[in-house]
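A.B. asks: If you want the building blocks of each chain, they are given just below.
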Amino acid sequence: MSQENSVGRAVVYVKLKDGVLDPQGSTIKRALEDMGYQGIKDIHFGKMFEITFQKDVKSKPEDLIDEICRKLLTNPVIEKYNFEILK
Amino acid sequence: MKFGVVVFPGSNCDYDAYMVAKSVVRQEVEFLWHQDTSLHNCDCIILPGGFSYGDYLRTGAIARFSPIMKKVIEFAKDGGMVAGICNGFQILLESGLLPGAMLRNTSLRFICKFVQLKVENKDTPFTNMCNQGQVLRIPIAHTDGNYFIPEEGLKQLLENDQIVFRYCDERGNITPAANPNGSLDNIAGICNRAKTILGMMPHPERASEIILGSEDGKYVFRSIVNFFNPGR
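Quick mapping for you: the protein sequence lines, in order, are chains A and B. Residue numbers for the first sequence follow the working numbering, beginning at 2 and rising by one. Residue numbers for the second sequence follow the working numbering, beginning at 8 and rising by one.
It is worth saying that the hints were derived from the structure and are not from the lab. Wrong hints could be hidden among the right ones.
As the list claims (entries may be wrong) - Derived contacts from chain A toward chain B, CB cut-off under 8 angstroms, selection only:
no. : residue
1   : Val21
2   : Leu22
3   : Gln25
4   : Gly26
5   : Thr28
6   : Leu73
7   : Val78
8   : Asn83
9   : Ile86
Every value quoted in this text rests on a predicted model; they were computed, and no experiment measured them. For glycine and all other residues, C-beta sits at the position ideal for the given N, C-alpha and C.
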């Protein structure tokens, strides 16, 4: 197996849970309205992480990324996440 | 008794806390480096204000995994006394020692000013020198101090008298206008159920000498000392 094949990539998206006040999102929405954009219903501020990792034959990449999300990348009290493993 | 003040990269209220412990309430005090793995027999650990690890990711999120925090968490879970001020409060939330989380201030601004706090529970090791309902004048200095907790958690805080300080006006009224950052229920400081862990956004260490504009912060430090050495 070549070096290239043993490297995996994932993208993680983090946003505030529904119902959690998002002062940044609402301020951006107001700014868009001030700029004249009428049709914006809602806007949520979030974070994105690009992760490159060494593939491990013994475990699934989904489990690794999920664990990282839970342990460090998000605060489960206020944030939720989803991720994609890139092919 | 002996205070321990943890120093993270980016802490900037560590010397203030150290000086109040040493020169104002005249106790033993030691700095604890974030890479340390011993609490050096300190009786009360202070997690100071500042911007630990540059506030990267989320405030307190990286500091919570530093070597010293492993010991602080063990110590706290064993009933040891820990006080987190501002960034220290954020670290306590991230580490799960206190419930809830911090959101950005509703104004999205860094707010640095004196505010009024109402002592909502004087029966804690951190407030035993206060009167119930006393109004303290202590400054805040933060961008992420908008305390949030889900409804069920808030119910538990109320049921167990865990809300220690609320933002209020000069007369002690808890009003939306007196809330500087959007915190749920005007919450400025909370403790755990056992009342051994305190988290507060305002800075008592910046207001413990009259030359700094207020010495109301001294109540917190004197309460801690009084808890260990009653009547002194």
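A.B. asks: Now look at each hint and say whether the structure bears it out.
C.D. replies: Outcome of the hint check:
{"no.": "1", "hint": "Val21", "result": "holds, 6 angstroms"}
{"no.": "2", "hint": "Leu22", "result": "holds, 6 angstroms"}
{"no.": "3", "hint": "Gln25", "result": "holds, 6 angstroms"}
{"no.": "4", "hint": "Gly26", "result": "violated, 10 angstroms"}
{"no.": "5", "hint": "Thr28", "result": "holds, 6 angstroms"}
{"no.": "6", "hint": "Leu73", "result": "holds, 7 angstroms"}
{"no.": "7", "hint": "Val78", "result": "holds, 4 angstroms"}
{"no.": "8", "hint": "Asn83", "result": "violated, 18 angstroms"}
{"no.": "9", "hint": "Ile86", "result": "violated, 22 angstroms"}
Violated hints, in rising order: 4, 8 and 9; the structure is consistent with all others.
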